[in-house]
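J.: Could you use the hints to bring the two separately framed chains together as a complex?
Below are the chains, spelled out letter by letter.
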Amino acid sequence: MKPVRTWRRLSTAALTLATLAAMLYTIGAPTPTAADMRIRILLTLATLATLVFTVGAPYTHGG
Amino acid sequence: MSIRFLLLLFAAPLIGVALGYLLGGRLRALRGLRIRALWLVWLAAGVQFTQSVAGVRHFVEGTLGVPMIAVVFAIVLTWLGLNLPHWPRAIQLAGAVIVLGAALNWLAISLNGRMPYDPAAAAEAGLPAGAETPKNEPAHDRTRLGLLGDTIAVRSLHAVISPGDILIGAGTCALVVFAMRRRHDAPGEVNHELETPRLDAPDVDNAASHDRRPHDRGQLTVH
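Here the protein sequences line up with chains A and B, keeping their order.
Taking my numbering, the leading residue of the first sequence gets 4, the next gets one more, and so forth.
Taking my numbering, the leading residue of the second sequence gets 0, the next gets one more, and so forth.
For reference, chain B alone in the conformation it holds in the complex (with noise of 0.2 angstroms):
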């Protein structure tokens, strides 16, 4: 794993820090974020990291017939079921823009076996424009949607992503802005400060404003 490969992951989740500071967010506000079975994703990252060793594939897709790219996203897509029900409305817009990147991706891979990346597209980023890795391979004529595959060059980190790619960072940068713009009594967080009573509420000597009963207790409702 290279540097520049680690720039790649670690690149939406920054710019996602970067504009979130820009826009008045604040880091802190991430604190709270309650990510549950997160033991699935490390699950799903250590199944996505032995395809490449090809014994382990070799074993669990030839002899058990199971494609482990669909074991990835099945862990994945679990793991995000399990937690966009439970945060705010504006993480889980930006947690569907991520199902639907991964599920486009997914689409590519499945039709084809591999990631198909455009050749040209590697040339212009300075890869080998023939090579093929445990995940990609070059598109050719038999290639069923290509414009789903690697496409877009990004010279500058020496790599090709697809459409899915792009809305997978997207979808990841737009989460990290939301949870760090989003007020700290939001739902979907654990809020710790609620235990201390706000000594600057307003009307915090009014009993009325305390009053949560409806405004027509006590009295007879007429049909």
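Excised from the complex, chain A in its bound form (with noise of 0.2 angstroms):
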């Protein structure tokens, strides 16, 4: 494995371990800001939408 894949792949994985957690720190947020709000509003899309892909179960070869 080349060293600016593997430099890649870290920064990756710690810039959405990094997002995850600011989303998480901020669904307690007692004071919540602007973008507190957007991240709470996308979240909830999000979610909405992890929803449809655990029990919905369409046909898509490769999906």
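Keep in mind that the hints were calculated from the coordinates and are not lab data.
None of these values were measured; they are calculated from a predicted model.
One should not assume that every hint holds.
[Claimed, not checked] Over 12 angstroms on every C-beta distance to chain A, these chain B residues come out as not near it, computed from the model: (1) 60; (2) 87; (3) 141; (4) 150.
[Claimed, not checked] Simulated restraints on C-beta separations: (5) A/37 with B/33: 10 to 20 angstroms; (6) B/22 with A/41: 19 to 29 angstroms; (7) B/53 with A/37: 39 to 49 angstroms; (8) A/21 with B/81: 22 to 32 angstroms; (9) B/62 with A/21: 34 to 44 angstroms; (10) A/41 with B/89: 22 to 32 angstroms; (11) B/165 with A/41: 24 to 34 angstroms; (12) A/37 with B/62: 48 to 58 angstroms; (13) A/41 with B/81: 20 to 30 angstroms; (14) A/13 with B/109: 37 to 47 angstroms; (15) B/2 with A/41: 22 to 32 angstroms; (16) A/41 with B/57: 37 to 47 angstroms.
[As the list claims (entries may be wrong)] A partial selection of chain B residues facing chain A, derived with a Cβ cut-off under 7 angstroms: (17) 4; (18) 8; (19) 23; (20) 26; (21) 30; (22) 40; (23) 91; (24) 101; (25) 104; (26) 133; (27) 171.
Note that CB positions come from ideal geometry on N, CA and C, so glycine has one too.
T.: Below you can see the structure in the form of structure tokens.
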């Protein structure tokens, strides 16, 4: 495995974890800011899409 | 996971957003919809995702004897059970439609082992008609309740969906619309604006309008 690829993968994983941590942190924020609200809206829509993924069963070969 | 599959997942919430705007709703109303135990949804998605890993599926279903689909549905229904009672009535109805759709899918999967799909509908959607996936298999003579399987071809997304999927999509869409259209002081939401007094409130100086004591206070009641 090339070092550049490893670095890219590690940085992508770190960015993903940081985003998720920020999302989870803002859920319980007592005085949410405008950015928190946008994240909450996106999180709500993402949750609903995840719900469709979990209980939906469409046939999409390779999906 | 293909782009078309992602479109299929996000189609219902995005159509809901568009309809919500058309019906006078606002996206910002979604911010107050309180979602409890969000981690359960991600857990269900994780279990769902690991179904495609043959080793994990074989271990859980073969060795432990637990159907993974039952685990997924149990987690999702637990999450809905935790959230639905706290949401407004209209959103509860939308949630009930999602539960009904999920139950229909679960019934078809549990009776057949995997979700059966109609090979003719698959061919119509441009998909391989005889292929098996971790979640789907072609319907045959011994398929039970085949009508609840994937029988509806969606050519634009190269997918075949079930009646349960339609109910889940419709429920999700309705949930977004109802959430966007509800009032800010509706129950089941976190309203952080309540701490700010309304300066334009009618009768703000009328002390009688603030009196919430019963009208028969201080009176003896004769039965």
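J.: Evaluate each hint against the coordinates.
T.: Each hint, compared with the structure:
no., hint, result
1, 60, "holds (17 angstroms)"
2, 87, "holds (14 angstroms)"
3, 141, "holds (18 angstroms)"
4, 150, "violated (10 angstroms)"
5, A/37 with B/33: 10 to 20 angstroms, "holds (19 angstroms)"
6, B/22 with A/41: 19 to 29 angstroms, "holds (22 angstroms)"
7, B/53 with A/37: 39 to 49 angstroms, "holds (46 angstroms)"
8, A/21 with B/81: 22 to 32 angstroms, "holds (28 angstroms)"
9, B/62 with A/21: 34 to 44 angstroms, "holds (36 angstroms)"
10, A/41 with B/89: 22 to 32 angstroms, "holds (24 angstroms)"
11, B/165 with A/41: 24 to 34 angstroms, "holds (30 angstroms)"
12, A/37 with B/62: 48 to 58 angstroms, "holds (50 angstroms)"
13, A/41 with B/81: 20 to 30 angstroms, "holds (25 angstroms)"
14, A/13 with B/109: 37 to 47 angstroms, "holds (41 angstroms)"
15, B/2 with A/41: 22 to 32 angstroms, "holds (24 angstroms)"
16, A/41 with B/57: 37 to 47 angstroms, "holds (42 angstroms)"
17, 4, "holds (4 angstroms)"
18, 8, "holds (5 angstroms)"
19, 23, "violated (18 angstroms)"
20, 26, "holds (6 angstroms)"
21, 30, "holds (4 angstroms)"
22, 40, "holds (5 angstroms)"
23, 91, "violated (15 angstroms)"
24, 101, "holds (4 angstroms)"
25, 104, "holds (5 angstroms)"
26, 133, "violated (11 angstroms)"
27, 171, "holds (5 angstroms)"
Comparing the model with each earlier hint shows violations of hints 4, 19, 23 and 26; every other hint is respected.
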